[in-house]
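Work the whole structure out from these sequences, hints included.
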Amino acid sequence: RRLVQFWRRQKGQEIQLSFRAIHPDQYIEGTNVVSCIYFEKRKEYYITSVDLIALLESLIGIKFVTAEKNRIRRNLEGFKPETMSRLKSDVKCQEFFFLIMGLDTPRPRHIEKDIKVFKWTLVHQAMLKVLGKYVCTSSRSSQKLLLTRPIILVICCVSRSPGECQCHG
Numbered sequence: 001r002r003l004v005q006f007w008r009r010q011k012g013q014e015i016q017l018s019f020r021a022i023h024p025d026q027y028i029e030g031t032n033v034v035s036c037i038y039f040e041k042r043k044e045y046y047i048t049s050v051d052l053i054a055l056l057e058s059l060i061g062i063k064f065v066t067a068e069k070n071r072i073r074r075n076l077e078g079f080k081p082e083t084m085s086r087l088k089s090d091v092k093c094q095e096f097f098f099l100i101m102g103l104d105t106p107r108p109r110h111i112e113k114d115i116k117v118f119k120w121t122l123v124h125q126a127m128l129k130v131l132g133k134y135v136c137t138s139s140r141s142s143q144k145l146l147l148t149r150p151i152i153l154v155i156c157c158v159s160r161s162p163g164e165c166q167c168h169g
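Sequential numbering of the sequence shown, starting at 1, is according to my numbering.
Wrong hints could be hidden among the right ones.
Unchecked claim - Quick list of in silico lysine to any residue cross-link-like pairs, SDA-like style, CA-CA up to 20 Å:
no., residue 1, residue 2
1, Lys116, Ser49
2, Lys63, Leu131
3, Lys133, Arg73
4, Lys43, Glu82
5, Lys80, Leu56
6, Lys116, Ala54
7, Lys133, Glu77
8, Lys92, Lys119
9, Lys69, Glu57
10, Lys129, Asn70
11, Lys92, Arg42
12, Lys80, Gln125
13, Lys129, Glu68
14, Lys11, Leu131
15, Lys119, Phe6
16, Lys129, Arg73
17, Lys41, Glu77
18, Lys92, Tyr38
19, Lys92, Lys129
The hints are simulated quantities; they were obtained by calculation from the structure and are not laboratory data. Note that the structure is predicted; figures quoted are calculated from it, not measured.
Written out as structure tokens, the structure is:
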């Protein structure tokens, strides 16, 4: 797996999200880091729904209540997440499930049960879809996203090689 660290900067209704891959030794608890997990049998990278929702919480700056997390999960169903389970008849999916369950801190899951995963290539679109349901408020006491203007999301990769990454808005 790759650990990917995100930073958020907000100016008005625009949120700029920067990210970079980090070495596990660079991980600091409490920072916004998610797992980009390689599914070798499929030659694709995935993110768990747990990590994706945590990333969205950090973007918006609030902790979602259970009902809101469930609403977000329903909104993300259009991206066709796949459920990984120890009970799947597909051995490849079972192996991937056990890989996810065996990952150390930061863990991309909360408990050992079925978990939904999304293709990593859909992270940007998924964030845009969910954030499109929120609007930004300009409150002096807080930069939390509540009510007034739609959010604009700009995502930039931080890399040593400028050609490796592009910004997406």
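The hints, checked one at a time:
{"no.": "1", "hint": "Lys116 x Ser49", "verdict": "6 Å, holds"}
{"no.": "2", "hint": "Lys63 x Leu131", "verdict": "14 Å, holds"}
{"no.": "3", "hint": "Lys133 x Arg73", "verdict": "13 Å, holds"}
{"no.": "4", "hint": "Lys43 x Glu82", "verdict": "15 Å, holds"}
{"no.": "5", "hint": "Lys80 x Leu56", "verdict": "18 Å, holds"}
{"no.": "6", "hint": "Lys116 x Ala54", "verdict": "14 Å, holds"}
{"no.": "7", "hint": "Lys133 x Glu77", "verdict": "15 Å, holds"}
{"no.": "8", "hint": "Lys92 x Lys119", "verdict": "16 Å, holds"}
{"no.": "9", "hint": "Lys69 x Glu57", "verdict": "10 Å, holds"}
{"no.": "10", "hint": "Lys129 x Asn70", "verdict": "15 Å, holds"}
{"no.": "11", "hint": "Lys92 x Arg42", "verdict": "9 Å, holds"}
{"no.": "12", "hint": "Lys80 x Gln125", "verdict": "12 Å, holds"}
{"no.": "13", "hint": "Lys129 x Glu68", "verdict": "14 Å, holds"}
{"no.": "14", "hint": "Lys11 x Leu131", "verdict": "15 Å, holds"}
{"no.": "15", "hint": "Lys119 x Phe6", "verdict": "18 Å, holds"}
{"no.": "16", "hint": "Lys129 x Arg73", "verdict": "11 Å, holds"}
{"no.": "17", "hint": "Lys41 x Glu77", "verdict": "23 Å, violated"}
{"no.": "18", "hint": "Lys92 x Tyr38", "verdict": "13 Å, holds"}
{"no.": "19", "hint": "Lys92 x Lys129", "verdict": "30 Å, violated"}
In the structure shown, a violation is registered for the earlier hints numbered 17, 19, in ascending order.
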